[in-house]
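Visitor: Below are the chains, spelled out letter by letter.
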Amino acid sequence: MITLEKRAGPSKAWALATPLVAVALTMFVGGILFAALGKNPFETIRTIFLDPLFSEFAWFYRPQLLIKGAPLVLIAIGLSFGFRAGVWNIGAEGQYIMGAICGAAVGLAFHPMESRLIFPLMVLAGAFGGWAWAMIPGVLRVKFGTNEILVSLMLVYVAEQLLASMALGAMRNPEGMGFPGSRNLAQYPSAANLELIKDSGMHWGVVAALIAVIFAYVTLSRHIFGFQVRLAGQSPRAANFAGVNPAGMILICLGISGALAGLAGLFEVAGPAGQISIDFNVGYGFTAIIVAFLGRLHPIGILLAGGLMALTYIGGEIAQSNLGLPGAAIQLLQGMLLFFLLAVDMLTNYRIKFGKGGTV
Amino acid sequence: MDLSSINPILLLASLMVAATPILLAAIGELIVERAGVLNLGVEGMMITGAVCGFVVAVSTGSPWLGFIGAAIGGAFLALLFGILTQYLLSNQVATGLALTLFGLGLSALIGQGYIGIKAPSFPDWHIPLLGDIPIIGPIVFQHDPMVYVGLILVAATWWFLHKTQGGLVLRAVGENHDAAHALGYKVTRIRILAIMFGGACAGLGGAYLSLVRVPQWTEGMTAGAGWIALAIVVFAGWKPWRLLLGAYLFGGMTVLQLNLQAAGLAIPVEYLSMSPYIATIVVLVIMSAGRAPRSLGRIFHASR
Chain A
3 MITLEKRAGP SKAWALATPL VAVALTMFVG GILFAALGKN PFETIRTIFL DPLFSEFAWF
63 YRPQLLIKGA PLVLIAIGLS FGFRAGVWNI GAEGQYIMGA ICGAAVGLAF HPMESRLIFP
123 LMVLAGAFGG WAWAMIPGVL RVKFGTNEIL VSLMLVYVAE QLLASMALGA MRNPEGMGFP
183 GSRNLAQYPS AANLELIKDS GMHWGVVAAL IAVIFAYVTL SRHIFGFQVR LAGQSPRAAN
243 FAGVNPAGMI LICLGISGAL AGLAGLFEVA GPAGQISIDF NVGYGFTAII VAFLGRLHPI
303 GILLAGGLMA LTYIGGEIAQ SNLGLPGAAI QLLQGMLLFF LLAVDMLTNY RIKFGKGGTV
Chain B
360 MDLSSINPIL LLASLMVAAT PILLAAIGEL IVERAGVLNL GVEGMMITGA VCGFVVAVST
420 GSPWLGFIGA AIGGAFLALL FGILTQYLLS NQVATGLALT LFGLGLSALI GQGYIGIKAP
480 SFPDWHIPLL GDIPIIGPIV FQHDPMVYVG LILVAATWWF LHKTQGGLVL RAVGENHDAA
540 HALGYKVTRI RILAIMFGGA CAGLGGAYLS LVRVPQWTEG MTAGAGWIAL AIVVFAGWKP
600 WRLLLGAYLF GGMTVLQLNL QAAGLAIPVE YLSMSPYIAT IVVLVIMSAG RAPRSLGRIF
660 HASR
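So the protein lines, in turn, are chains A and B. With the working numbering as the guide, the letters of the first sequence map in order to residues 3 to 362. With the working numbering as the guide, the letters of the second sequence map in order to residues 360 to 663.
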């Protein structure tokens, strides 16, 4: 008979070990899955997790790591505040899209004028777009008690439709011969989010993600707001007695995550993606949820988890083109990772006892 | 624009069809939530059901077997959620999200070779006598069997929850799991069964999309239907009959906007397409008054 016994406090050692155990389990079960698909499991795992870093073409893949990792980290940092405090914003994908639309709108409005002020204005507009989109579930939750999970998620579908309408209508490139999609911002110097160092993959989004990590680390460990976030998550009643305003907490957490997701969207549309198009969003907003949990909602952890997740994206693409691995298998692998993490997470809070459980 | 091209009888009849997948998924989730478990993975279970049902139906040629396969697929995925949340005591919100992400990937993988194939046809029933009544006949009594399965499930759920001892125990577990445990009820086992029932229903709802409503397999074809089902459970205040109202309201919205698109209304298609989601938000804002089961989403750990 196996029984669980609650620990007095979360185990520090297991808190650090569980993400690693989860990754190992994912590789193991993923390997079985790849074998079932008729691929060599060892070669596939190596292609996904090691080739982007160490193969002979790694010089090409390493910059990609930063490009894919930056939006994931930026969004996940924002989500981690809310997840800690029990505010569930799962519509980051929508806020990411709105940030891109608002930021690109400012850039396109100034075309073809050249000025140093345009890009900073776009950054502000991007953050505002994401913030405003996140405020909808926030205000509805505070004013009417509406469930923020469902509202923020519904707004993803609304944002996707809005994106399509922008790409086909208002923002369509007038010189694009009728093809959907906006002007390419990457070819418009004042609005472009270009690489800061050539061939490094380092763009302003990467800088913003690193600043966000440091900012979040300092806030959570040193600032009263970080303390309140942790308190609200661990014990809402105690937080109430400590004078934490629950409505304010909801709005601030949604606001931070929305603004950061919006920023991620802007940096993407002005740089790697280049334009507003129908298929602009690729699910970073949802993958960032996995990143946040895998990083244990800790800024440094999120940085590492974002890197790992970016690795699976790039490695997945390599495996797709070199080994013919279906793209869906990577998506499944990412979902599996979160599953295993949640499963082994139990070890942080509970102790497994073998033998007779006594009267339960 | 030509509004006269919209036939009100056809509109109401297709409303019942449009509401069915959401109704099926929502009735399952209602049972799960009445047992005190919040499973946010409805979307993932639905799309897994959609692909399982499609694959089984195409390979056997029988839509009925397809629906059974979908229910099994959905229940199996739900069982994963059950093991994680009930035995490994994981956070239900996070696990539900994981289930959705996992289900989307799994379904895309399973459905790879099935894109562009047509599902075996599932003929409408023309119920004798009742189906011949003018106006009401074509609206209510000339549908495929699954529409009626959905309605019967609503009635059966109401009967189970309020007229049987099993329903009473299920509600007790959902209201206060510690008290139910103290009375000697197997909280974990009851919840696992409820979760699997919810998964089976979500699977049926998904298969209804891929086998009847579309009827084809495309990746991500549920397009938020699972989340809308979750919203409708809140809207219904966790009461089976009001679920019907919510599903028809949503079905009506979907059908109406599709008809307006076809009629060439001067609003861009994208804005019409987003209307069901906006309507869901509006409905949630207006009708968040219901009382949730008290133990909803809380982790149950039997300590000595």
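Because the hints were derived from the structure by calculation, they are not lab data. Because the structure is a prediction, the values reported are computed rather than measured. Be a bit skeptical, because a hint or two may be false.
[Said to hold, decoys possible] Straight-line C-alpha distance at most 25 Å; calculated PhoX-like pairs for lysine-lysine: (1) A:8 <-> A:355; (2) A:355 <-> B:545; (3) A:41 <-> A:355; (4) A:8 <-> B:545; (5) B:545 <-> B:598.
Visitor: Give a verdict on every hint.
Guide: How the hints compare with the structure:
For the suggested pair residue 8 of chain A and residue 355 of chain A, the alpha carbons sit about 10 Å apart, so the restraint of at most 25 Å is met. For the hint pairing residue 355 of chain A with residue 545 of chain B, the CA-to-CA distance comes to about 21 Å; that is within 25 Å, so the pair holds. Taken as a hint, the residue 41 of chain A and residue 355 of chain A pair is broken in the structure, with Cα atoms around 39 Å apart against an allowance of 25 Å. Between residue 8 of chain A and residue 545 of chain B, the direct Cα distance comes to roughly 20 Å. Compliance with the 25 Å bound is thereby established for this hinted pair.
For a cut-off of 25 Å, the pair hint linking residue 545 of chain B to residue 598 of chain B stands: about 24 Å separates their Cα positions.
Checked against the numbered hints above, the structure violates only hint 3.
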